[in-house]
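Chains A and B, in that order, give the protein sequences. Okay, so the first sequence: first residue is 1 according to full-length UniProt numbering, each after it adds one. Okay, so the second sequence: first residue is 1 according to full-length UniProt numbering, each after it adds one.
Just to be clear, a hint being listed does not mean it is correct.
With a straight-line cut-off of 16 Å between C-alpha atoms, the simulated EDC-like cross-links for lysine to aspartate or glutamate are [said to hold, decoys possible]: (1) B:K315 x A:E515; (2) B:K278 x B:E157; (3) B:K278 x B:E338; (4) B:K413 x A:D155; (5) B:K418 x B:E387; (6) B:K413 x A:E157; (7) A:K85 x A:D286; (8) A:K315 x B:E515; (9) A:K64 x A:E104; (10) B:K418 x B:D475; (11) A:K413 x B:E515; (12) B:K85 x B:D286; (13) B:K413 x B:E387; (14) B:K72 x B:E129; (15) A:K12 x A:E28; (16) B:K60 x B:E129; (17) A:K85 x A:E282; (18) B:K418 x B:D375; (19) B:K413 x B:E157; (20) A:K64 x A:E28; (21) A:K413 x B:D155; (22) B:K413 x A:E28; (23) A:K413 x B:E157; (24) B:K77 x B:E106.
Heads up, incomplete: computed chain A residues facing chain B, CB under 7 Å, no partners named [as the list claims (entries may be wrong)]: (25) N53; (26) D79; (27) V80; (28) G160; (29) E162; (30) S369.
Worth flagging that the hints you see were computed from the coordinates, not collected in a lab. Virtual Cβ for every residue (Gly too), placed ideally from N, Cα, C.
2 protein chains.
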Amino acid sequence: MTTGPIEGSVKKWSAAPGHDDIVVPYREIALHPSAKEEPVRVYDTSGPYTDTNVEIDVAKGLSKPRAPWVAKRGFRKVDVRRRVKPEDNGYVSEAQAVPSCPAEHEVFDGQDAQYVTQYEFARAGIVTEEMIYIAHRENACRAEMAEGAQERRADGEDFGAEIPAFITPEFVRDEVARGRAVIPANINHPEIEPVIIGRNFLVKVNANIGNSAVTSSAAEEVEKLVWAIRWGGDTVMDLSTGRNIHNIRDWIMRNSPVPIGTVPLYQALEKVGGVPEKLTWEVFRDTLIEQAEQGVDYFTIHAGVRLQYIPLTAKRTTGIVSRGGSIMASWCLAHHRESFLYEHFEEICDIMRRYDITFSLGDGLRPGSIADANDAAQFAELETLGELTKIAWAKGCQVMIEGPGHVPMHKIKVNMTKQLAECGEAPFYTLGPLTTDIAPGYDHITSGIGAAMIGWFGTAMLCYVTPKEHLGLPDRSDVKTGVITYRIAAHAADLAKGHPAAQLRDDAISRARFEFRWEDQFNLALDPDTARSFHDETLPKEAHKTAHFCSMCGPKFCSMKISHDIRRESERKAGMEKMSETFQGHGAQIYVPQAEVVK
Amino acid sequence: MTTGPIEGSVKKWSAAPGHDDIVVPYREIALHPSAKEEPVRVYDTSGPYTDTNVEIDVAKGLSKPRAPWVAKRGFRKVDVRRRVKPEDNGYVSEAQAVPSCPAEHEVFDGQDAQYVTQYEFARAGIVTEEMIYIAHRENACRAEMAEGAQERRADGEDFGAEIPAFITPEFVRDEVARGRAVIPANINHPEIEPVIIGRNFLVKVNANIGNSAVTSSAAEEVEKLVWAIRWGGDTVMDLSTGRNIHNIRDWIMRNSPVPIGTVPLYQALEKVGGVPEKLTWEVFRDTLIEQAEQGVDYFTIHAGVRLQYIPLTAKRTTGIVSRGGSIMASWCLAHHRESFLYEHFEEICDIMRRYDITFSLGDGLRPGSIADANDAAQFAELETLGELTKIAWAKGCQVMIEGPGHVPMHKIKVNMTKQLAECGEAPFYTLGPLTTDIAPGYDHITSGIGAAMIGWFGTAMLCYVTPKEHLGLPDRSDVKTGVITYRIAAHAADLAKGHPAAQLRDDAISRARFEFRWEDQFNLALDPDTARSFHDETLPKEAHKTAHFCSMCGPKFCSMKISHDIRRESERKAGMEKMSETFQGHGAQIYVPQAEVVK
Numbered sequence: 001m002t003t004g005p006i007e008g009s010v011k012k013w014s015a016a017p018g019h020d021d022i023v024v025p026y027r028e029i030a031l032h033p034s035a036k037e038e039p040v041r042v043y044d045t046s047g048p049y050t051d052t053n054v055e056i057d058v059a060k061g062l063s064k065p066r067a068p069w070v071a072k073r074g075f076r077k078v079d080v081r082r083r084v085k086p087e088d089n090g091y092v093s094e095a096q097a098v099p100s101c102p103a104e105h106e107v108f109d110g111q112d113a114q115y116v117t118q119y120e121f122a123r124a125g126i127v128t129e130e131m132i133y134i135a136h137r138e139n140a141c142r143a144e145m146a147e148g149a150q151e152r153r154a155d156g157e158d159f160g161a162e163i164p165a166f167i168t169p170e171f172v173r174d175e176v177a178r179g180r181a182v183i184p185a186n187i188n189h190p191e192i193e194p195v196i197i198g199r200n201f202l203v204k205v206n207a208n209i210g211n212s213a214v215t216s217s218a219a220e221e222v223e224k225l226v227w228a229i230r231w232g233g234d235t236v237m238d239l240s241t242g243r244n245i246h247n248i249r250d251w252i253m254r255n256s257p258v259p260i261g262t263v264p265l266y267q268a269l270e271k272v273g274g275v276p277e278k279l280t281w282e283v284f285r286d287t288l289i290e291q292a293e294q295g296v297d298y299f300t301i302h303a304g305v306r307l308q309y310i311p312l313t314a315k316r317t318t319g320i321v322s323r324g325g326s327i328m329a330s331w332c333l334a335h336h337r338e339s340f341l342y343e344h345f346e347e348i349c350d351i352m353r354r355y356d357i358t359f360s361l362g363d364g365l366r367p368g369s370i371a372d373a374n375d376a377a378q379f380a381e382l383e384t385l386g387e388l389t390k391i392a393w394a395k396g397c398q399v400m401i402e403g404p405g406h407v408p409m410h411k412i413k414v415n416m417t418k419q420l421a422e423c424g425e426a427p428f429y430t431l432g433p434l435t436t437d438i439a440p441g442y443d444h445i446t447s448g449i450g451a452a453m454i455g456w457f458g459t460a461m462l463c464y465v466t467p468k469e470h471l472g473l474p475d476r477s478d479v480k481t482g483v484i485t486y487r488i489a490a491h492a493a494d495l496a497k498g499h500p501a502a503q504l505r506d507d508a509i510s511r512a513r514f515e516f517r518w519e520d521q522f523n524l525a526l527d528p529d530t531a532r533s534f535h536d537e538t539l540p541k542e543a544h545k546t547a548h549f550c551s552m553c554g555p556k557f558c559s560m561k562i563s564h565d566i567r568r569e570s571e572r573k574a575g576m577e578k579m580s581e582t583f584q585g586h587g588a589q590i591y592v593p594q595a596e597v598v599k
Numbered sequence: 001m002t003t004g005p006i007e008g009s010v011k012k013w014s015a016a017p018g019h020d021d022i023v024v025p026y027r028e029i030a031l032h033p034s035a036k037e038e039p040v041r042v043y044d045t046s047g048p049y050t051d052t053n054v055e056i057d058v059a060k061g062l063s064k065p066r067a068p069w070v071a072k073r074g075f076r077k078v079d080v081r082r083r084v085k086p087e088d089n090g091y092v093s094e095a096q097a098v099p100s101c102p103a104e105h106e107v108f109d110g111q112d113a114q115y116v117t118q119y120e121f122a123r124a125g126i127v128t129e130e131m132i133y134i135a136h137r138e139n140a141c142r143a144e145m146a147e148g149a150q151e152r153r154a155d156g157e158d159f160g161a162e163i164p165a166f167i168t169p170e171f172v173r174d175e176v177a178r179g180r181a182v183i184p185a186n187i188n189h190p191e192i193e194p195v196i197i198g199r200n201f202l203v204k205v206n207a208n209i210g211n212s213a214v215t216s217s218a219a220e221e222v223e224k225l226v227w228a229i230r231w232g233g234d235t236v237m238d239l240s241t242g243r244n245i246h247n248i249r250d251w252i253m254r255n256s257p258v259p260i261g262t263v264p265l266y267q268a269l270e271k272v273g274g275v276p277e278k279l280t281w282e283v284f285r286d287t288l289i290e291q292a293e294q295g296v297d298y299f300t301i302h303a304g305v306r307l308q309y310i311p312l313t314a315k316r317t318t319g320i321v322s323r324g325g326s327i328m329a330s331w332c333l334a335h336h337r338e339s340f341l342y343e344h345f346e347e348i349c350d351i352m353r354r355y356d357i358t359f360s361l362g363d364g365l366r367p368g369s370i371a372d373a374n375d376a377a378q379f380a381e382l383e384t385l386g387e388l389t390k391i392a393w394a395k396g397c398q399v400m401i402e403g404p405g406h407v408p409m410h411k412i413k414v415n416m417t418k419q420l421a422e423c424g425e426a427p428f429y430t431l432g433p434l435t436t437d438i439a440p441g442y443d444h445i446t447s448g449i450g451a452a453m454i455g456w457f458g459t460a461m462l463c464y465v466t467p468k469e470h471l472g473l474p475d476r477s478d479v480k481t482g483v484i485t486y487r488i489a490a491h492a493a494d495l496a497k498g499h500p501a502a503q504l505r506d507d508a509i510s511r512a513r514f515e516f517r518w519e520d521q522f523n524l525a526l527d528p529d530t531a532r533s534f535h536d537e538t539l540p541k542e543a544h545k546t547a548h549f550c551s552m553c554g555p556k557f558c559s560m561k562i563s564h565d566i567r568r569e570s571e572r573k574a575g576m577e578k579m580s581e582t583f584q585g586h587g588a589q590i591y592v593p594q595a596e597v598v599k
C-alpha cells in the first residue's frame, strides 16, 4: 500500500470550531524560512494513508469517524442482511475466490418516519455533522489565509454561482436543501471523510477504478483506490465487472475514506449472464440492496434512456457509447417496452433514500463524437433527467446529473446552461468533455480542456479521463496522469469562478518561483515528485536548488534574476531619476558567479 | 535524422490548379477497404523528411522551391555579404567550433524602389506564388473533401473571424494586404514551404528549439527541428545562445522547410558579454543583418518595453519574465533612457523590409503568474505594440503580435479582444496562456487549456509549452508531447471556430472507432505510434485489431458493439413496432465468441 506523506507536506487534522469530534484533514506545506510566510494549507483527499501516525491494516479497514454521528440518528440495525449469492461474485470458483473483508461492518437502514438523507435533514433545517465537517473542510484552505479574498473574488466570472468568502454549516445546509449540492454518504459507509459536490464549493474530481482480469488480490484493488485519492480523487467510482466483484467491493468500501460510486447495472447484467434482455427489475433491485448494505455512496442510474429516444440515436456517427445506456437501449428494444429503470424510478428512490445513496443520473445517450454533440437524443435524455430529479427530491433523495462526453468548445456552454435549467440546479458531473476526437493517447488533454471550461461554467465534479481512453486499461501511471490533469482543470475552474481561496496557492508558488525557492516550488506543485525529478534531470546537484537561475535560460539570460536586480535597485533609491547612475555604479551586475550564489 | 513517413500515411504533393511549379505537401491516410471511404488528407508540416523519394543530406541542404519565384522579383544579389565575426559564434575556440554549413546559399536584398514584402505585393494587388501556394495548401484537406462543409461552418462560433469555405489566392492576398495575416518568408530562405498565420486560416503551432551545452554536432540541432515539425510544428523558433550559434543557425536555415524565427536580442547580448547595458543599437543592427542574410523569417523585437512602463512591474508577483523584456528593461534603467529598439524602430523596419522578415512584436512585459495577468504593464505594452504595428505597416512590413503568458480562464477573452482592437487585427501569437501556476511538470496541460481557448477566440498561432516549462530543458519526448498538445489545442480551436474542414478528421476517426477499424483509428490519430502502443499494451495480438470490442469494457460490455446490434436490427426492419420480436428471435446476441469475430 502506498502510504506516507506527499513529498514536502505534512498531513494534519483540524477540529471544527466548537466540535472536537469533527476533525477534518488538510495538508500543510511549510515554506523556506527566507519566505517569511505562513505554511500553505491545501485541501486533502488522500485519507489516513498519508498520515504517518495511522497504522493501515486493510483487513481491519479504516477507522469510522462517521459512526457516532450516524448512531445518534437512531436507524434500525439490519440484523438479517441480504445473503451473499454465488452470482454476486460472478460464480467464482473456490480456488479463485477473493475472501470477503473481515473488517467489522454493521448495516443500518432508515425508515419512512425518520429523516435519513442529508437532503431531508437539510430541508428540515437540521445541520448534520457532515455539514459542519464539510464547512470546516472547505474553509481549511481559506479560513486562516483569506486576507484579501474578497478582493480576488470580484475578479472571477462565476456565471451566477454564489460562492461565499467563508463557508458556514448553515450555508452547506441551505445548498443541500436547495438541491444545489450533494453529500454522497451512505449511512453504511462510516469510514468516509465527507465531501460536498456543488457549484458553490471547490470543484471536485472523480477517478474511476476497476478490476482487471489478471488481478487476484484485494490489496491490489485497494491500492488502486489509495493511489487515485493520493493525487486528488475526491470520489472514486468502482467500475469492476466479472468475478469477485462483491468481495472486492467489500475491501474497497471498508478501506475508502472517499465516497464510492458504482453502476449497479453492470453487476446486474453479470448476474444474468451478460445478456441485456434477461435483465429484470427484481435482479436489479436485489443488486441495489446488495450494494447499499455494503455502503456504496452513489449509484449511476441510467433511467433517462427511454424507449422513445432510442431511434434518435440511429443516425448518429457513434451510436450509444455509454455502457449503461447501450445495455438499457438493448433491453428496451428487445422487450419493446419502456425502461424498467424509468418505470420503477420511484421504487429506486425509496431504496436509495433508506441508505442515503445519492443519485448520479446517468447520461446513457451522451455523445461519443464531435459529430453527435448536443443532438436530439442527448438533450431529450437531459430533459428526462430533469423530470426524474424532481421525483427523487420529492422522495427525499440527493441527486446529481451526469454529463458528456465529446463536445467541441463552442457547444460546451449550452450543456451547462441547459442542465441547470432542466435539472433545477442539481450538481452537474461531467466526463470531460473531450473537445476533439483526433488524439487517442492524449484524451486526458483533449478532455482536460473541456473539463476546465465546463467546470468554470458551473460543473461541480469532473470525471477524469486517462491517456488510455479509447485504447486500453489505465495503469498506475495513467491513473496519476488522469487525476493530476483533472486537478489542473478543477483548479483552473476555481480560479476563473473567483473562488476566494483558489489563487492563494498560485500566488505562493509564483512567489517561490520568483524568489528561486526551488524546494518550495516543488512542494507547492500538484505533483511534487514530477516537478523535482524534471528539474533534477538537467540540474541534479543540491547546490542548484538554491541557484538564482535555472537550466532553461542559465544565469545570463534569467529574466527573473534581472527582474530582481531591477527591483532591488528601484527599492534602494526612491525616484526613477537616480536609478540609472546607481545601477551603473553598482557594476550593473546581472549575474553573480555560481560559487557566490551557492554559498 | 528521423525520416520516413508518419505511420499509416503517405506524404504526397499536389500542384496548385494551373501552376505546375507550385506544389504543396499533404499527408494521405488510406482507410481500410471495409470503410468504403476516400483517403483522408491532412495538412502536413513535416517537409521533405517524410517523403521516401527525397534523399536527405544536411550538408547540401534542402531543395529550394521558392528560389525561382524570388529570382523573378529582381532583387539585388548581395555580393559582399556581412563577414562572420568571432563574436557571432560566441568566440568559440577552433577545437570546439561547428563548421559552417556547406550548402549553397545566395543572398539577396530588396531595394526601396521595388516591392519586397508579401505585404507590399498584396497592397499592390499582386498575388505572389507564395499566396497561390498557401491557398492550395490550406485547401488541400478540404477542396476535395468539403461536401457539407457549409453546413458544419454554421455550427461554429468564430467571434467575427471570416473563414471562407474555400481559400482562393485572392483571399490570401486580401488578408495579407489588410494585415490580418502574415507569410513569414525571408527572401533568403528559399527552402521553405510557405505558411500563413492569420485567424481566417488554420490555427498554427510554433515549437521552440535551442542548443544545449552538451551538443556538439550541427546534425543534432537539425534533428531537433526535424522532430518538432514531424509532429506538427508549423514554425520553429531557434532560441539558441552561446557558442556556435551563427554556424548552427546556418545548418538549421538550409535544412528547414518551415519558417524560422529568432530573438536577435539574445545573440546581440552574447556579443557584449552578457551585460545588458553594454548593448548598443550598432551591435543590434549588425545582428539583424547577420541573421537576415542567413534567411531568418521572423524576428521577435521587444520594442514595446518602454522606459516609462518599467515601474509598472515593480509591484508584480513575478516581475518581468520575458528574457527579452528583462534585458531591455535592464538597459533602459541602466541608461535611464528610452529603449533603443523603440527609438530605432523605423530603421529596424527598413532593415526587415529589405529581406521581408516578419515582425513578431515581443510581449516583454507579459505576466508570469496568475497574479500579474492583464495588469497595467501588460496592457500598456500592448497599446505600444499597436502603435508600432501601424509604423511597420507604413514601412511595408508584415507584423504579428506576441501574447501571454499566465492568464486565468476568465481573463483570456479580453486579451484577444484588446489585441485585435489595438493592433488593427494583426495576427496574435500567444504562449499558452497557462491557466494556473500550480502544476510545474504539467504546464503543457495548464497552457494547452488556455491555448485552445485563445485559439478559438482568434489567436492565429500558438507557441507551445512543454512539460519541462519552469523546470528544465525539454528533451525529445517533451518536444513531441508539447507539439501534440498544441496540435490538439489548435484543432479544438479550428473546430470551435467552425473551420469548414476541421471536423472531417474527427468524423473519419469516429466512424473508424465505431466500426472497430482499429488501424484506421491509429492512423488518423495525431500520434499514431502512441495510440497503437497504448492499445497493444493490453491487447497486443494482431487478431485484436479486428476485434469488435476493446480492452476497456470487453465484449460483454461494449456499448458500441451493442449499438451496432441495435442499428443493424433497426435497419433491417422498418418501423420500431417490429423491432422487439425480431431482436428476440435473433437470439438477442450482444456478443459473439471471439473466435467468430476474429476469423
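Contradicted hints - numbers only: 2, 10, 11, 13, 16, 20, 22, 25, 26, 27, 28 and 29
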